[in-house]
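A.B. asks: Going line by line, the protein sequences match chains A and B. Residues in the first sequence are numbered from 0 upward in steps of one, following numbering that gives the first Met the number 0. Residues in the second sequence are numbered from 0 upward in steps of one, following numbering that gives the first Met the number 0.
Rather than coming from a laboratory, the hints here were simulated on the basis of the structure. Think of the CB as a built atom: it goes at the ideal place given N, C-alpha and C, for glycine as much as any other residue. Don't take each hint at face value.
Listed next, with one range per pair, are the computed distances between beta-carbon atoms [to be verified]:
no. : chain 1 : residue 1 : chain 2 : residue 2 : range
1   : A       : Ala-134   : B       : Leu-135   : 46 to 54 angstroms
2   : B       : Glu-124   : A       : Ala-234   : 44 to 52 angstroms
3   : B       : Ile-108   : A       : Leu-249   : 50 to 58 angstroms
4   : A       : Ala-234   : B       : Ala-64    : 22 to 30 angstroms
5   : A       : Gly-248   : B       : Ile-304   : 16 to 24 angstroms
6   : A       : Gly-109   : B       : Leu-135   : 53 to 61 angstroms
7   : A       : Lys-54    : B       : Ala-64    : 47 to 55 angstroms
8   : B       : Val-208   : A       : Lys-238   : 33 to 41 angstroms
9   : A       : Arg-255   : B       : Trp-42    : 15 to 23 angstroms
10  : B       : Ile-253   : A       : Met-172   : 50 to 58 angstroms
11  : B       : Ala-282   : A       : Thr-88    : 39 to 47 angstroms
Here are the computed lysine to any residue pairs in the SDA-like style, where the Cα-Cα straight-line distance is at most 20 angstroms [claimed, not checked]:
no. : chain 1 : residue 1 : chain 2 : residue 2
12  : A       : Lys-254   : B       : Ser-47
13  : A       : Lys-100   : A       : Val-56
14  : A       : Lys-238   : B       : Asn-86
Computed far set for chain B versus chain A, every beta-carbon distance over 10 angstroms [claimed, not checked]:
no. : residue
15  : Thr-11
16  : Ser-31
17  : Met-82
18  : Ala-245
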Amino acid sequence: MRMRSLVLAGAVSLGLVGSALAAGAPTPPAQKWSFDGMFGTYDRAALQRGFQVYKEVCSACHAMSQIRFRDLGGGHGGAHDPLIGLGFTEEEVKAIAAEYKVMDGPNDQGEMFERTARPADRLKKPFANEQAARAANNGAYPLDLSLIIDARKDGANYVYGLMIGYKAAPADMKMGDGMNYNEWFAGHQIAMVQPLNDDQVTYSDGTKATVPQMATDVVTFLAWASEPNMEHRKALGVKVMMFLVLFSGLLYAVKRKVWANLH
Amino acid sequence: MAQDNAFFNHPTVKWIEHRLPIFSFLDHSLGSQYPTPKNLSYWWNFGSLAGFMLVVMIISGVVLAMNYTPHVDLAFNSVERIMRDVNYGWLIRYIHSNGASMFFIVVYIHMFRGLYYGSYKPPREILWWLGVVILLLMMATAFMGYVLPWGQMSFWGATVITNLFSAIPLVGEKIVTLLWGGFSVDNPTLNRFFSLHFLLPFVIAGVVVLHIWALHIHGSNNPLGIDAKGPQDKIAFHPYYTIKDAFGIAVFLIFFSFFVFFAPDFFGEPDNYIPANPLVTPAHIVPEWYFLPYYAVLRSFTFDILFIEAKLAGVLAMFGSILILFVLPWLDTSRVRSGRFRPVFRIFFVLFILACIGLGYAGSQPAEGWVLRIGQVCTLWYFLHFLVILPLLGWFERPKPLPISISQMVLGGGRMAGAAAAKPMEKA
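Construct the complete structure from the given sequences, taking the supplied hints into account.
C.D. replies: If you want it as structure tokens, here you go:
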């Protein structure tokens with residue numbers, strides 16, 4: 000991401016993409032993220048707080064259909080990987096799943112039945128389908144958030160901007176029915192009501208739940224949801240790069256040696 | 000490194016060689032019995048790099064296909080399953096998606112090298128044609144591959160590009176219906192694109208064999224663009240160029256790995272992480288970067304030309320921008336191959352590269368205002384370069400004197416004899 004913004008910054012300074020940025024939505028200011036850069040990792044405490052924000056606030060309307068409860072613990076086929084999950088233990092994941100009821104079946108009587116959720120189940124959707132979601136939300140469809148950070152340009156800063164960007168609409172702006180003014184949303188009119196307010200959640204680790212704090216936490220969680228394997232990717236990448244640099248040096252030495260006798 | 004070494008004297012090798020001379024075939028193709036100009040620069044590494052990328056793409060692609068589901072309701076989620084749940088699935092997919100960009104980077108450099116050093120000139124015209132065929136096959140393969148994840152850009156890119164064929168008079172609409180397998184981009188489209196995306200790389204591999212076969216008839220061109228005068232101008236491919244190519248691949252892998260591990264979405268569009276939705280059009284439909292120059296050519300035609308509609312003219316120009324490469328060996332009238340000895344050509348070569356970059360930029364932006372003008376000027380320049388500048392340069396440019404032989408130049412033994420100087424090199 001940083002690489003991309005660097006290249007983008009270079010292009011802007013050359014006057015290359017100026018018009019593209021002017022034509023689109025306003026660009027929210029860049030924040031510092033724990034997961035930025037070649038060695039960035041997800042801040043585990045922020046991930047757990049972010050999950051709490053999602054669970055207590057966002058999940059009332061937004062599904063995350065790509066995520067299973069076991070992912071919260073980094074569970075892949077039973078193995079728990081500290082580089083992948085939110086830092087929850089297997090027991091904690093089971094306890095989180097047990098808070099939900101999911102539909103299963105048909106059983107041997109041919110009937111559907113409700114049961115307690117297990118780690119292998121996906122996070123529970125707030126609505127049965129898109130139509131139900133629209134009916135309950137004034138016609139607007141709350142998006143699935145599994146990939147929201149990857150699916151937006153400069154996604155982390157953008158979603159953070161949305162969370163903190165609610166303001167009173169300028170006096171000369173005519174707002175649509177049920178729409179809210181947001182500084183960083185394209186067109187500034189968003190159907191979503193301001194989701195975060197100070198002390199909306201109570202963090203168990205004593206962190207004060209200000210709007211910027213909750214926004215940072217939930218964006219960290221959503222970034223993790225977009226790419227749970229990121230830390231694996233970067234850790235492996237460092238090893239691969241070190242090997243390749245050594246290997247290229249070795250091959251270059253051999254090449255010099257082979258070519259030395261040539262005249 | 001003749002065939003009297005220990006390997007070829009091994010009884011098992013001898014037994015096999017007597018029945019199927021595969022080892023001596025390989026030795027003659029890519030080994031110690033294939034003579035290569037001794038003065039090849041690192042620009043000549045990009046051929047083997049392209050071959051390497053083809054293998055990488057086929058292997059990673061075959062593994063992805065084991066986990067991918069070509070159905071409109073399942074494709075997007077099957078890709079996400081690869082990213083999240085398949086062991087190292089994220090690695091294989093990032094190798095494949097970034098590999099497409101790497102493949103095009105390598106092939107474009109390979110082509111510009113050929114353009115600068117005149118590698119398309121006699122007697123290598125068919126070698127050049129086969130390269131252009133490979134490029135066309137790569138473009139078709141890459142386009143269909145981008146459709147498979149079934150994100151928003153997949154769907155709308157497929158819609159825009161397949162619709163181009165509707166500009167063809169009389170049969171256009173029928174061709175589009177055939178491509179779609181219906182009356183819109185839908186499940187049959189995804190199915191046939193998957194099937195063809197799996198097939199075409201093997202067709203490419205076949206044409207690569209022909210490409211290498213044609214290469215071996217007269218051997219590699221070289222930075223001086225003159226023919227080898229004798230064995231003293233050549234060295235064995237193995238070990239000299241096998242080790243040089245291996246070193247090139249390792250360095251290239253560092254570049255490739257940087258994107259795979261630290262910027263895997265650099266070449267991608269965020270919109271393709273949104274599942275395809277036929278009811279919602281993205282604000283700004285753009286193809287992958289390697290298609291941007293052609294896209295700019297297509298959109299430069301905002302006006303009808305005589306009886307040709309603007310859309311058809313754009314489509315013709317877009318395909319023409321590649322097809323013109325087939326006749327390049329006859330458009331370039333200069334008999335001097337290497338741009339090193341062509342002072343005026345060098346300037347126009349730089350301008351040509353700038354035009355290509357300008358086209359890439361214009362293709363990435365909404366086609367309006369001054370961006371559209373840049374695209375139009377660069378499109379004009381692109382065709383002028385091939386149709387006017389190259390034919391005229393051969394007549395008006397006075398090339399610098401050519402060296403007598405590769406060895407003389409490599410060993411730094413003086414410049415060249417005056418008599419040979421003004422003559423247009425090699426064959427009498």
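A.B. asks: For each hint, tell me whether it holds in the structure or not.
C.D. replies: Right, here's what the structure says about each hint:
no., hint, result
1, Ala-134/A x Leu-135/B: 46 to 54 angstroms, "holds, 50 angstroms"
2, Glu-124/B x Ala-234/A: 44 to 52 angstroms, "holds, 50 angstroms"
3, Ile-108/B x Leu-249/A: 50 to 58 angstroms, "violated, 25 angstroms"
4, Ala-234/A x Ala-64/B: 22 to 30 angstroms, "holds, 28 angstroms"
5, Gly-248/A x Ile-304/B: 16 to 24 angstroms, "violated, 56 angstroms"
6, Gly-109/A x Leu-135/B: 53 to 61 angstroms, "holds, 56 angstroms"
7, Lys-54/A x Ala-64/B: 47 to 55 angstroms, "violated, 37 angstroms"
8, Val-208/B x Lys-238/A: 33 to 41 angstroms, "holds, 36 angstroms"
9, Arg-255/A x Trp-42/B: 15 to 23 angstroms, "holds, 19 angstroms"
10, Ile-253/B x Met-172/A: 50 to 58 angstroms, "holds, 51 angstroms"
11, Ala-282/B x Thr-88/A: 39 to 47 angstroms, "holds, 44 angstroms"
12, Lys-254/A x Ser-47/B, "holds, 16 angstroms"
13, Lys-100/A x Val-56/A, "holds, 19 angstroms"
14, Lys-238/A x Asn-86/B, "holds, 18 angstroms"
15, Thr-11, "holds, 27 angstroms"
16, Ser-31, "holds, 12 angstroms"
17, Met-82, "violated, 7 angstroms"
18, Ala-245, "violated, 5 angstroms"
Hints 3, 5, 7, 17 and 18 from the earlier list are contradicted by this structure; the remaining hints agree with it.
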